[in-house]
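*Asks:* Given the sequences, and given the hints that come with them, work out the whole structure.
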Amino acid sequence: HMSFLKRFDIHFSIGPQHDKFFSTSGILNSYTVGFPKTDKLFNNYYSIKEMKSQYQIPEHKTIVLYAPHWNKFSSVHAFGEEMIAALAALDITLLIRPHNYLFEQYSSQNWDKKFRFLEKKFTNIRFITDNDTQKFFLLSDAVITDVGTTAGFECSLVEKPFFMYENKTWFESHPNAQPESDMAQCAIKFSTQKQITSLIQQYLDCSEVLQKKLSVQRTKQKELKKNYLYNAGDASKIAANIIENEINHG
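In the working numbering, the protein residues as written are 1 to 250.
Don't read these hints as lab results, they were simulated from the structure. Being a predicted model, the structure only gives us computed values, none of them experimental. Don't take each hint at face value.
Calculated cross-link-like contacts (lysine-lysine; reagent style DSS-like; alpha-carbon spacing at most 30 Å) [claimed, not checked]: (1) K189 x K213; (2) K6 x K37; (3) K135 x K226; (4) K72 x K225; (5) K114 x K52; (6) K168 x K212; (7) K49 x K6; (8) K213 x K40; (9) K114 x K194; (10) K225 x K49; (11) K52 x K168; (12) K212 x K135; (13) K189 x K72; (14) K222 x K52; (15) K72 x K121; (16) K114 x K37; (17) K194 x K121; (18) K135 x K37; (19) K135 x K52; (20) K61 x K189; (21) K212 x K61; (22) K237 x K189; (23) K20 x K168; (24) K194 x K212; (25) K189 x K52; (26) K49 x K120; (27) K222 x K237; (28) K220 x K61; (29) K237 x K6; (30) K168 x K226; (31) K189 x K40; (32) K121 x K61; (33) K37 x K225; (34) K49 x K237; (35) K213 x K226; (36) K220 x K20.
*Replies:* Structural data, given as structure tokens:
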């Protein structure tokens, strides 16, 4: 990857950990920018009321977002349909927003058709195809995801509870994946469909044991944000200014 990175004139750093990577990799021409994709999480860009109306979500219903990865290590391949059906039996609205590559890399498995079938079968499921994924981290009360996605990071920026499918094989295949490792340390993990269904029910019941774990998680999420994100909410503007300056004076 280093030969690829060195082809560029300038580099944008998302956060302090990114700076460390650039430093140890010999990348000197970098700017501390942040993560433009997440700017909308911090600027009151979205209306929760409008989103609930758009997706026909009852006002006081707990909203759980299932944001699975596309790769072979994902929960969606392990027990996705079974898990979705079990979660749909709970008193929640379940949003399903998979990584887009799932439909491309596993086109023969017809995941689009499967999700639409589940949405039709269960009245409390919403299959999401909107490309702007940021809004759903704000809309949701809790998030279920996998290792390897940015979902755990993005929902942590707004301190939403998140549960991650624990597939240790992924880490065996990616031994130097520091960001993913840090996200996994922050997550409340599950390895079976029954475990995640139980965890979400505990969340609904305001289980004292789970609430203590979520309190610890929020502390870890604050640390994650501190270590991985510069300029929350302003990254796009800063990036644009840097590019303009480089064009005019670089």
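*Asks:* Each hint: holds or not?
*Replies:* Quick rundown of the hints versus the structure:
Restraint check for K189 and K213: the C-alpha separation of about 11 Å stays at or below 30 Å, so the hint holds. Of the supplied pair hints, the one linking K6 and K37 holds, its CA atoms being roughly 23 Å apart against a limit of 30 Å. Between K135 and K226 the CA atoms are separated by roughly 22 Å; this keeps the pair inside 30 Å, and the hint holds. As the CA atoms of K72 and K225 are separated by approximately 28 Å, the hinted pair is consistent with the 30 Å bound.
Between the alpha carbons of K114 and K52 the distance comes to roughly 24 Å, so the proposed pair stays at or under 30 Å and holds. For the given pair, K168 sits about 25 Å from K212 by alpha-carbon distance, which is consistent with the 30 Å threshold. Distance check on the hinted pair: K49 and K6 sit about 45 Å apart at the alpha-carbon level, beyond 30 Å; violated. A C-alpha spacing of about 28 Å is found between K213 and K40, which places the hinted pair at or below 30 Å, so the restraint holds.
With a CA separation close to 21 Å, the supplied pair K114 and K194 stays within the 30 Å bound. With a C-alpha separation of about 27 Å, the suggested pairing of K225 with K49 holds against the 30 Å cut-off. Taking the CA atoms of K52 and K168, the gap is about 36 Å. The hint is violated against a cut of 30 Å. For the hint linking K212 to K135, the alpha-carbon distance of about 27 Å falls within 30 Å, and the restraint holds.
As the CA atoms of K189 and K72 are separated by approximately 18 Å, the hinted pair is consistent with the 30 Å bound. Restraint check for K222 and K52: satisfied, since their Cα atoms lie roughly 27 Å apart, inside the 30 Å limit. Proposed proximity of K72 and K121 is supported: the alpha carbons are some 26 Å apart, at most 30 Å. Between K114 and K37 the alpha-carbon distance is near 29 Å, which keeps this suggested pair within the 30 Å criterion.
Pair hint K194 plus K121 holds up; C-alpha atoms about 20 Å apart against a cutoff of 30 Å. For the hint pairing K135 with K37, the CA-to-CA distance comes to about 11 Å; that is within 30 Å, so the pair holds. Note on K135 and K52: the hinted pairing holds, with a Cα-Cα distance of about 11 Å set against a maximum of 30 Å. At roughly 24 Å between alpha-carbon atoms, K61 and K189 fall within 30 Å of each other, so this suggested pair holds.
For the given pair, K212 sits about 23 Å from K61 by alpha-carbon distance, which is consistent with the 30 Å threshold. Proximity of K237 to K189 is assessed by CA-CA distance (about 36 Å); at most 30 Å being required, the pair is judged violated. Between K20 and K168 the CA atoms are separated by roughly 26 Å; this keeps the pair inside 30 Å, and the hint holds. With a C-alpha separation of about 21 Å, the suggested pair K194 and K212 falls inside the 30 Å cut-off, and the hint holds.
For the hint pairing K189 with K52, the CA-to-CA distance comes to about 28 Å; that is within 30 Å, so the pair holds. A C-alpha spacing of about 24 Å is found between K49 and K120, which places the hinted pair at or below 30 Å, so the restraint holds. Between K222 and K237 the alpha-carbon distance is near 23 Å, which keeps this suggested pair within the 30 Å criterion. Taking the CA atoms of K220 and K61, the gap is about 27 Å. The hint holds against a cut of 30 Å.
Restraint check for K237 and K6: the C-alpha separation of about 24 Å stays at or below 30 Å, so the hint holds. Restraint check for K168 and K226: the C-alpha separation of about 26 Å stays at or below 30 Å, so the hint holds. Taken as a hint, the K189 and K40 pair is honoured in the structure, with Cα atoms around 27 Å apart against an allowance of 30 Å. Distance hint between K121 and K61 is fulfilled; the C-alpha atoms sit about 19 Å from each other, no more than 30 Å.
Under the criterion of a C-alpha separation no larger than 30 Å, the hint pairing K37 with K225 is consistent with the structure, at around 14 Å. Restraint check for K49 and K237: the C-alpha separation of about 27 Å stays at or below 30 Å, so the hint holds. Under the criterion of a C-alpha separation no larger than 30 Å, the hint pairing K213 with K226 is consistent with the structure, at around 20 Å. For the suggested pair K220 and K20, the alpha carbons sit about 20 Å apart, so the restraint of at most 30 Å is met.
The structure fails to meet hints 7, 11, 22 from the earlier list, while all remaining hints are met.
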